[in-house]
Every structure is written in structure tokens, then in C-alpha cells.
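S.K.: One letter stands for each residue in the lines below.
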Amino acid sequence: MGGADFIADSVTTAFGLIFGGAPGVFSAVLVSLQVSVTAAFLCTVIGVPLGFAVAVSNFRGRHLLITLLNTLMALPTVVVGLFVYAFITRQSLLGPLDLLFTRKAMIVGEVILGLPIIIALTNTAISALDRQVRDTAITLGAGRLRVSLTMLWEGRFGLLAAIAATFGRLIGEVGIAMMLGGNIAAHTRNITTALALETSKGEFSVAMALGIVLLTVALGVNFALRYLQGRGEVRP
Amino acid sequence: MTDNYCERPTSLLLAGILLLIVAAGCRNEAAAPDHRSELRSIKLATTTSTDNSGLLAELLPPFQAMYGIEVQVIAVGTGRAIKHGENGDVDVILVHARAAEDRFVESGFGVNRRDVMHNDFVVLGPAEDPARIKGSADVAQALRKLAATESFFVSRGDDSGTHKKEMALWEAAGVPPEGDWYLPAGQGMGAVLTIANEKRAYALTDRGTYQAYRDKLALEVLVEGDRRLYNPYGVIAVNPARHSDARYIDAMTFIGWITSPEGQAIIRGFKRGGEVLFTPDAVLDGGAGAD
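Residue numbers (our numbering), protein chains in the order written: chain W, 1 to 236; chain H, 237 to 527.
Quick caveat, the hints were computed from the structure, so don't treat them as lab data. Think of the CB as a built atom: it goes at the ideal place given N, C-alpha and C, for glycine as much as any other residue. There's no promise every hint is true.
[To be verified] Just so you have them, the derived chain H footprint on chain W, three or more residues with Cβ under 8 Å:
1. 86-93
2. 97-106
3. 175-184
4. 200-214
[To be verified] Here are some chain W residues the structure puts well away from chain H; computed CB gaps all over 10 Å:
5. D5
6. D9
7. G61
8. D130
9. R131
10. R134
11. L140
12. L149
13. R156
14. G168
15. G172
16. H187
[What the hints assert, rightly or not] What follows is a list of derived Cβ distance ranges for each label pair:
17. H/R463 <-> W/G220: 54 to 64 Å
18. H/R463 <-> W/F87: 44 to 54 Å
19. H/Y303 <-> W/G61: 35 to 45 Å
Model the full assembly from the supplied sequences, consistent with the hints where possible.
M.R.: Given below as C-alpha cells:
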């Protein structure tokens with residue numbers, strides 16, 4: 001089979017998978033979306049305030065912390081998987097919670113993977129703001145909270161980029177999903193673990209098609225984010 | 237202003253769709269037996285060979301229909317499946333590495349091991365067969381020839397049941413598998429067959445996986461039939477005395493089912509490309525031996 005045939009075959013298969021309503025694919029898309037959107041949301045809620053705090057405060061070791069965060073952006077997903085596994089395997093501290101091989105475990109792992117990314121990128125986005133934004137807000141008599149909100153608003157493009165980057169890393173990762181989810185059909189099998197499985201079975205066209213499905217899903221989410229961003233642009 | 241008006245419904249719609257999808261996923265989770273709800277579930281760690289061949293897709297639905305127990309399958313190598321059993325991450329394991337299984341039971345991690353079925357291993361290679369091992373009845377001698385001619389050999393290299401078997405065979409051959417010709421892939425059986433196919437290399441595989449992949453491969457069966465290539469599968473419950481959370485009764489129900497006449501009949505009738513993949517061992521015909 002030539003390369004062009006292979007790609008064409010994959011695209012055809014992808015359309016078949018998306019519109020043919022194969023139940024396995026639909027549930028994999030749902031698992032991917034549910035886990036990654038939830039994890040990205042939690043990362044945003046936890047990470048943006050932390051990144052903001054790092055950006056606006058001045059403390060000893062701040063630069064060291066930023067270097068550390070930048071390093072953690074390189075965390076291999078399997079390492080996160082092993083780390084979380086050590087805490088949730090039956091005999092360990094959190095074993096009784098019965099988390100291993102569930103979507104909750106995948107979410108926990110992905111939040112750990114995403115947090116350094118969103119904190120570091122939020123810090124960059126807020127630090128890049130002109131110092132005048134803060135000063136002007138203070139001059140206008142804004143309180144602490146009001147100043148913070150103004151800065152977050154002014155830095156919204158950078159923040160949305162941070163969220164999009166985090167989400168992209170989460171929905172595309174396979175190590176955590178495999179290790180903590182276990183790739184159980186209809187429960188924890190998401191697009192990436194299904195993709196890995198089909199590849200190992202030698203079903204390259206189906207695997208490639210799943211890759212196209214994943215990108216389509218990610219495209220949809222990014223369009224949604226872009227519309228939110230676009231709406232912001234009109235306002236001032 | 238007009239722009240704003242036009243854009244808002246679109247973004248709201250998008251956000252709405254996203255929320256619906258997430259909500260659907262959440263409801264799905266609530267209905268799924270991750271928690272101990274109406275439909276009971278057990279977790280089975282098994283090898284890629286039983287899952288990828290499609291056997292479990294035949295075996296599990298009738299079991300679930302009869303007992304209301306869903307079996308959640310975690311398909312990994314035998315080494316990791318046993319590890320998950322030791323750690324109590326799963327309730328039952330179905331694997332193929334007799335020595336490791338016996339250690340698992342002797343160390344008190346598992347109880348009630350039963351023979352389930354067997355197939356056999358074969359040595360595959362390119363049709364040209366540069367090492368001239370085709371038709372050899374002695375697998376150890378065939379491996380010695382591979383080492384002597386330094387023919388490419390792709391190994392699982394992942395502590396799976398097949399890898400353990402391969403290591404035992406090299407030991408029997410008395411030659412260490414070392415050198416540029418020996419390629420430990422560290423991947424599953426299917427990936428190894430694909431690599432061997434591309435590199436026109438030799439490989440050891442279970443017959444079931446070979447049959448499932450045969451259409452995609454230009455490799456041929458060169459060595460088969462040696463007694464040492466026998467590949468038995470065993471099912472073992474995780475010891476409830478060690479892991480009190482293990483769903484022992486449901487695991488034993490599963491072991492009972494898979495070794496029952498019904499379960500064994502499904503195994504005997506399971507075909508891929510017109511060929512039988514596994515021979516059941518648990519229910520003996522007229523008291524005959526299991527081989």
C-alpha cells in the first residue's frame with residue numbers, strides 16, 4: 001500500500017468512524033472530552049490564580065519557582081501515571097477510594113500534568129502586561145480585587161492561549177490514560193488509548209483515522225475558545 | 237454592535253454543545269459501575285493475546301448476561317497483569333507464564349488457579365529463511381542457528397508471557413541473545429510482528445496472534461510442534477485474605493464460568509479466519525489428559 005493510498009484510506013475510515021456512529025468510537029470521544037475538559041477546567045480554576053499570584057508577587061525564590069515550573073512542563077506522562085498509581089493502588093494511602101482504572105483517576109493525573117503548564121503560561125501572560133495597566137487601575141481608585149480582575153481581563157488573550165495549550169496537551173496525551181485508566185472498553189478507553197491499541201493491532205488505517213477524529217474534536221474545542229476570545233475583542 | 241449580536245448565539249451554541257457533551261459523559265459515568273451499583277463488576281488483568289484475538293469479546297457477554305457481572309478488561313503483558321494482581325488492583329488474572337503463575341500463588345497473592353486453555357508458540361521468519369531453520373523440530377537448535385548466522389530477531393523485551401517463554405528457550409539453546417541482530421522491541425505482540433515483517437526478521441509468537449495478523453504479514457511459520465512451544469493459559473483469583481477489597485465471590489464466579497462446559501465450548505468454537513485459536517483444557521473428555 002502506497003503512502004497516498006494509506007492516507008486516503010485513513011481519511012475515508014475517519015469519516016466512516018465519525019458519521020457511521022460506531023459505538024466504540026463515540027464512547028471514546030465522550031471519554032476523551034469528559035476527562036480532558038474536566039481536567040482543563042480544574043487546571044484553569046486552580047492554575048490561573050496561582051499563576052497570577054506568581055506574576056504579581058515578589059518573593060525570594062520566585063525565579064527558581066518559575067524555572068521549576070518550566071521544567072515541569074516537560075513531565076513525561078508515564079511518570080505522572082506512575083506517581084499517581086503509587087498513591088491509588090489498592091494497598092496505598094488512597095487505595096480504599098477505588099480510583100484506579102476509572103475516569104476520575106485519569107482526571108487526577110491530567111490535572112497534575114496540566115497544572116505546571118497553565119501556571120507557567122499564566123505567569124508569562126500576566127507578566128507581559130504593561131506595568132501601566134496595574135498603575136492606572138490603582139490610580140483610578142480600584143481595590144485589590146478590582147485591580148486583579150482588570151489585569152486578568154487585559155491579559156485574557158494570553159490566558160486563553162494558556163488554557164488552549166493545556167487542553168491540547170491533555171487531550172493528546174496517552175501515557176496517563178493508559179496507566180491510570182487501563183484502556184477499559186466503554187469505560188476508560190479514550191481516543192488516544194484506542195489509537196495506541198489499534199496501532200498495536202496493526203490496524204494502521206483505523207489508528208490514523210482515530211488521530212483525525214481526535215484533531216477534529218480538538219478543533220471544535222479550540223473554535224469554541226476562539227469564539228469566546230473573539231467576543232472579548234469586540235468589547236473595548 | 238451588529239457583529240456582537242451575530243456572534244453571541246454562535247458562541248453560546250458552541251458552549252452549549254460542549255456542556256451537553258460533558259454532561260452526557262458525566263451521566264454515563266454515574267451509570268457506569270465504577271461504583272458498586274446495581275450491575276456488579278470485576279476487573280480482569282489479562283494478556284494482549286486473549287483480548288486482541290477477540291476471544292474475550294465472545295466469552296464475556298454471555299457471562300454478563302447470565303450473572304449480571306460486568307468484566308472490565310485491562311489488557312497488558314503477563315508480567316504487568318501479575319503485578320496488578322499482586323497489588324490488588326484487579327480481582328482476577330488470566331495469563332500465560334506457568335512458572336510466574338506458580339510463584340504468584342505460592343507467595344500468597346493468588347488462589348484457586350485453574351487451567352483454562354492452550355495454544356502454542358511458533359517461530360516466524362521471512363520466506364527466504366537465511367538461517368535455514370524451516371521445518372526444524374528442535375526449537376533450541378533453530379535458535380542456535382539464528383544466533384550463529386546473526387539473523388535479525390525481534391523480541392518482545394517486555395516481560396510478557398511470550399518474552400518469558402522466549403528467554404527460557406534461549407536458555408535451553410545455550411546461547412545468549414546478544415548482538416546487533418537481536419532487537420528487543422519492548423512492545424506488544426502485534427507491534428513486534430509488524431516490526432519483524434518490516435525488517436524481514438525472525439520472531440517468536442503465539443499462534444493465535446499470528447493467525448489474527450496473518451493477512452498483514454509476509455512472514456511464515458518456520459518452526460512449530462516442539463513440546464517446549466506449548467502455551468498454557470491459567471486463570472487465578474486474587475487472594476481475598478491479602479486484599480479484602482477484592483471481589484472474590486464474583487471473581488470465582490468468573491473462574492467457574494470460564495472453566496465450565498459452556499465457557500469451554502465458546503473457547504473451542506472461537507475461530508478467526510476459519511481456524512481454531514485456543515484448545516480448552518478445563519473440561520476433560522472422558523477423563524483424558526489435558527494435552
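S.K.: Determine for every hint whether it applies to the structure shown.
M.R.: Going through the hints against the structure:
no.	hint	in the structure
1	86-93	holds (count 3)
2	97-106	holds (count 6)
3	175-184	holds (count 3)
4	200-214	holds (count 3)
5	D5	holds, 15 Å
6	D9	holds, 14 Å
7	G61	holds, 37 Å
8	D130	holds, 26 Å
9	R131	holds, 31 Å
10	R134	holds, 28 Å
11	L140	holds, 25 Å
12	L149	holds, 21 Å
13	R156	holds, 14 Å
14	G168	holds, 15 Å
15	G172	holds, 18 Å
16	H187	violated, 6 Å
17	H/R463 <-> W/G220: 54 to 64 Å	holds, 57 Å
18	H/R463 <-> W/F87: 44 to 54 Å	holds, 45 Å
19	H/Y303 <-> W/G61: 35 to 45 Å	violated, 58 Å
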